[in-house]
Amino acid sequence: MEKESLLIVDNLHTHFFTEQGTVRAVNGVSFELKKGERLAIVGESGSGKSAMAMSLLQLISYPGRIVSGSVKLGDKDLLQMSERQLNEVRGGEIGTVFQDPMTSLDPVMTIEEQLVHTIRRHTKLDRRGAVQRAIELLRQVGIPDPETRIRNYPFELSGGMRQRVLIAMALSCSPKLIIADEPTTALDVTIQAQIVELLKNLSADTGCAMLFITHDLGLVARFAQKVAVMYAGRIVEYGTVRELYANPQHPYTQSLLRTIPSMKGPRAKRLLQIDGFPPDMRQPVVGCSFAQRCPAAQPMCRTEIPSLTDRSPTHRAACWIEDGIFSGIAKETAPTAEELLHLPPKASFLRHQEPQDAAMPVLEIKSLAKHYKTRSSLFRKNGKVVRAVDGLDFSLQPGQTLGLVGESGCGKSTTARMLLRLDEPSDGSIIVEGVDIAHLKGEELKQFRRKVQMVFQDPYSSFNPKLTIEQIITEPLQVMKVGTGEERRKRARELILTVGLDVSYLDRYPNQLSGGQRQRIGIARALALNPSIIVADEPTSALDVSVRAQVINLLAELREKLGISVVFISHDLSIVKHISDTIAVMYLGKIVEFGPTQAIFGNPRHPYTKALLSAAPIPDPQLEAERNVELLSGDLPSPANPPKGCRFSTRCPAAEHRCKEERPELIEMEDARKVACFLVS
Amino acid sequence: MADYLLKKAAQLIPTILGVVTLVFFAIRLIPGDSTSYMAGDNLSGEAVDALRERMGLDVPVWQQYLDYLLGILKFDFGTTMVSGLPIGQLIMEALPVTFMIAFLTVLIACLIAVTLGTIAAFSAHKGKKLIDQVLTWIAMLVDLMPSFWMALLMMLVFTLSLGWLPASGPIDFSDPVGLLQRIALPLIVLSLGQIATIARITRTSVLEVLNEDYIRTARAFGTPQLLVVFRHALKNAAMPIITVAGLGFGNLLNGTVITEFIFSIPGIGTLLIGGINSRDYSLVQSVILVYSFLFILVNMMTDLIYKYFDPRVKF
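Protein sequence lines correspond, in order, to chains X and H.
168 is the number that full-length UniProt numbering gives to position 168 of the first sequence; each next residue is one higher, with no gaps.
12 is the number that full-length UniProt numbering gives to position 12 of the second sequence; each next residue is one higher, with no gaps.
Bear in mind the hints are in silico, worked out from the structure with no lab data behind them.
Every value quoted in this text rests on a predicted model; they were computed, and no experiment measured them.
A few of these clues could be false.
Unchecked claim - Covered by chain H, per the in silico footprint, the following chain X stretches (three or more residues, Cβ under 8 Å):
| no. | segment |
| --- | --- |
| 1 | 55–62 |
| 2 | 74–88 |
| 3 | 101–115 |
| 4 | 118–131 |
Said to hold, decoys possible - With a cut-off of at most 25 Å between alpha-carbon atoms, the simulated DMTMM-like pairs for lysine to aspartate or glutamate come out as follows:
| no. | chain 1 | residue 1 | chain 2 | residue 2 |
| --- | --- | --- | --- | --- |
| 5 | X | K384 | H | E212 |
| 6 | H | K128 | X | E19 |
| 7 | H | K126 | X | E88 |
| 8 | H | K235 | X | E156 |
| 9 | H | K235 | X | E113 |
| 10 | X | K176 | H | D213 |
| 11 | H | K126 | X | E112 |
| 12 | H | K235 | X | D100 |
| 13 | X | K34 | X | D77 |
| 14 | H | K129 | X | E19 |
| 15 | H | K314 | X | E182 |
| 16 | H | K128 | H | E212 |
| 17 | H | K235 | X | E424 |
| 18 | H | K126 | X | E156 |
| 19 | X | K373 | X | E443 |
| 20 | H | K128 | X | E424 |
| 21 | H | K314 | X | E156 |
| 22 | H | K129 | X | D100 |
| 23 | H | K307 | X | E83 |
| 24 | X | K481 | X | D423 |
| 25 | H | K314 | X | D100 |
| 26 | H | K307 | X | D77 |
| 27 | X | K373 | H | D3 |
| 28 | H | K314 | X | E113 |
| 29 | H | K126 | X | E424 |
| 30 | H | K235 | X | D423 |
| 31 | H | K307 | X | E113 |
| 32 | H | K126 | X | D100 |
By construction, the Cβ of each residue, glycine as well, lies at the ideal position given by its N, Cα and C atoms.
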């Protein structure tokens, strides 16, 4: 039976009138959402998906304005309503869950106040009734002990808990529609799985429709029934999740789905990448916005805007080419890595580093630990000791990549800081090419820094905005007093070519570059001193899906050509699997499982590894529907107060009495892997 | 919290000691002492020496310093050197006047400035640049006018031309209406100076908060804009405003000298100026001691108010 429609958006245009020009963030979006349906809007940053969602609520702030279109909720046109009427719809008929739970709740108000305000605004309940309702809601969204929790301030709750509070708020007045704008992007994988499951169940229980905005194709496959793909302010493809994933029609969707490394099966040599960058939204639209990046673009694509046409009764795409680019090629015969491989030119000073002794690891870490003392005060003489990293052992062979995986607070970044000797370890040793660098000082420490270099997470804040790209790239050379000014300039030119940009970029400033370009600069800077190890701390997490593949491919190529070893830190399991030879899974400062990538992904042994892999969404609705996501309960314990026995015992579904009392050690298994668990033997 | 108060109290001792020492020696660097002020040209050398002995200025400086410190420990400020009046009593008479004026000034200034600043920020946020700019310009203009000039202008208009408000006369706490009339002009002059600063900081702070995610959340749940501003934005924007208002209050306690002088108000500023002019060491030392104590106290109060506005503040 065809369900009734709830929300009809017709030809919506929202523009931002900035001093640099008009940004057409939403440029003619139409879609329909039926009652109780879960629709996902997928797109990269700047695709207009959030601006579209905010337009529905008419919360576009200056200098943005809804230029034309209509938004019908039931029989009411939201765009024709007065502010007063709108305020009844907002929170009353439409609930909203925002991206960052850390900043989306008022920090100086208790949960109770915030919930009660909302409830009383939209219902006739008195204060006591509203408090009762708030407690019920908190219980419904899975907050333990809601009677006490309700008196907390947001900062006293974890990220996952805050997101649950926001969801409770969105649910508070039994809305017909919940808009969830990247509701899990700021959360850890296992918490993300909890929240997605919660939203899905709530939608089923309450019959509330959901508009789920995300950039994560895996989450869409897990969560949604219908999906709309947005690119440059327009919907380019729309359909049921199964149809769209099985048979994508638009070249953008097709490429996007292929840029994601597979979690199953052997490792691909190279990721398919979408070259180029999304278009400048200030330019008037001529033709298909994707034409510049589309390998199959025809002359017509550059002059005329394609509109959504039916590909099946439930599937529409906006592309002039009937079947899209990959339709003729079956998945197996898609362009192979070699076909797509066009390696960047090689710089003369960057020579392939032949290991002197292949058996000797380039990096070896023995019982590495970092303990922080929290500040003591007048009344508390001794501060608590936070064991951020508590005894790590691993080694890395030359030319190999080690993936360091774990959730926030597990000690990944502290480990990175110690490898770079930005922090001095409290205990243990770090042996780089046979020399223990754990406690080097002065000139020796400075010389060591040539060997290990870093690529940072946030390409927006890891460069001095007042320096040109050339100055940024040559800074390490200057610090180490390598070469003359002319030689350094020459090297900067070589480096920028090596990372696939052209020489003209050297005179620019970081703010003139896109995120992907900046991350290339970050890699060039790391390469400047020709290091033997590169530590990459979440190098792609700030980048869009289509750009991410470019950076990953670049890193992989450089490793191949230069024989550099890489320590790759990430929470994104599919990328770690793609790039790493060995994997170390960390939990609360300890490695719980360590071994070859294939072994760990093929057959995870530690319960935490299992849970992590199970929590990570796969961009395949078929697989997602079949698998049973193992949800971990609760939050990560604080590293200042870790559980007594096995650190994972508080969340482990299989924990026994012994796990809560004793600490398991890493024990070598038959297949060259190590696991720290009593239940694995 | 108790931890914090104890720590602050402990910090108070070295701070006060430092101030006392500094003032003790600094004032002795000004040429001439009280005796030369009192003696003028008429007294003979012996008479001056006798006067010096009476005032305790004949003993070595270190001994004067020790005596002074001991006096403070006993909360005994002694008498003024020149007139022989008990200093403690003088301060206790002048302090309430200054305190009242400073407090009312900050109160009035905050009420007006926060309103104006919020309106400016809200207008800027909505893209109504004209209102914002007009308000910002007015604030700047007011800020640029020297207070003594404003004071004279006010006097000219309200006292001399219109005859509405007095510009001098006794300060009588038992007659509230008369008192308000009497201090109205100084209040206006002093407030104007504060309003400009507080309004500017309010505008910046509120404008920043209005772009925060939780403001969007409140709006997305149907809270009307005005309520959003008052319930969410102002409370979150309060910290810098309190800091500036607190500093202003501290300065007003100490620095209303010119205004007090123009409106002949027997406040603590007047007392201090008199002391300096007559090289009355004891008086100056004591007034500054009280000043620094009050200043520290105001800072502590500001910290405690932070905690009220933001539960995340930890001491």
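query: With a Cβ-Cβ cutoff of 8 Å, does the segment 74–88 of chain X contain at least three residues near chain H?
result: holds (count 5)
message: Does X:E113 sit within 25 Å of H:K235, going by the straight-line distance between their CA atoms?
response: 14 Å, holds
field: Given hint X:D100 paired with H:K235 - CA-CA distance at most 25 Å
entry: 21 Å, holds
message: Check whether the Cα positions of H:K126 and X:E88 lie no farther apart than 25 Å.
response: With a Cα-Cα distance of about 21 Å, the restraint between H:K126 and X:E88 holds, given a limit of 25 Å.
Given hint X:E424 paired with H:K128 - CA-CA distance at most 25 Å: 53 Å, violated
query: Does the structure keep H:K307 and X:E83 at a Cα separation of 25 Å or less?
result: 35 Å, violated
message: With the threshold set at 25 Å, check whether the alpha-carbon distance from H:K314 to X:E182 stays at or below it.
response: Judged against 25 Å, a Cα distance of about 32 Å means the pair is violated.
query: Are the Cα positions of H:K307 and X:E113 separated by 25 Å at most?
result: 18 Å, holds
- prompt: Is the Cα-Cα distance between H:K126 and X:E112 25 Å or less?
  reply: Judged against 25 Å, a Cα distance of about 30 Å means the pair is violated.
- request: Quickly compare the C-alpha distance for H:K126 and X:E424 to 25 Å and report which way the hint goes.
  value: 50 Å, violated
- request: Test coverage of the segment 55–62 of chain X by chain H using CB-CB distances below 8 Å; three residues minimum.
  value: Three-residue rule met by the segment 55–62 of chain X, so holds; n is 4.
- request: Please work out if H:K129 and X:E19 have their alpha carbons no farther apart than 25 Å.
  value: 14 Å, holds
The structure does not agree with the numbered hints 5, 11, 15, 17, 18, 19, 20, 22, 23, 26, 29, 30 stated previously, though it agrees with the rest.
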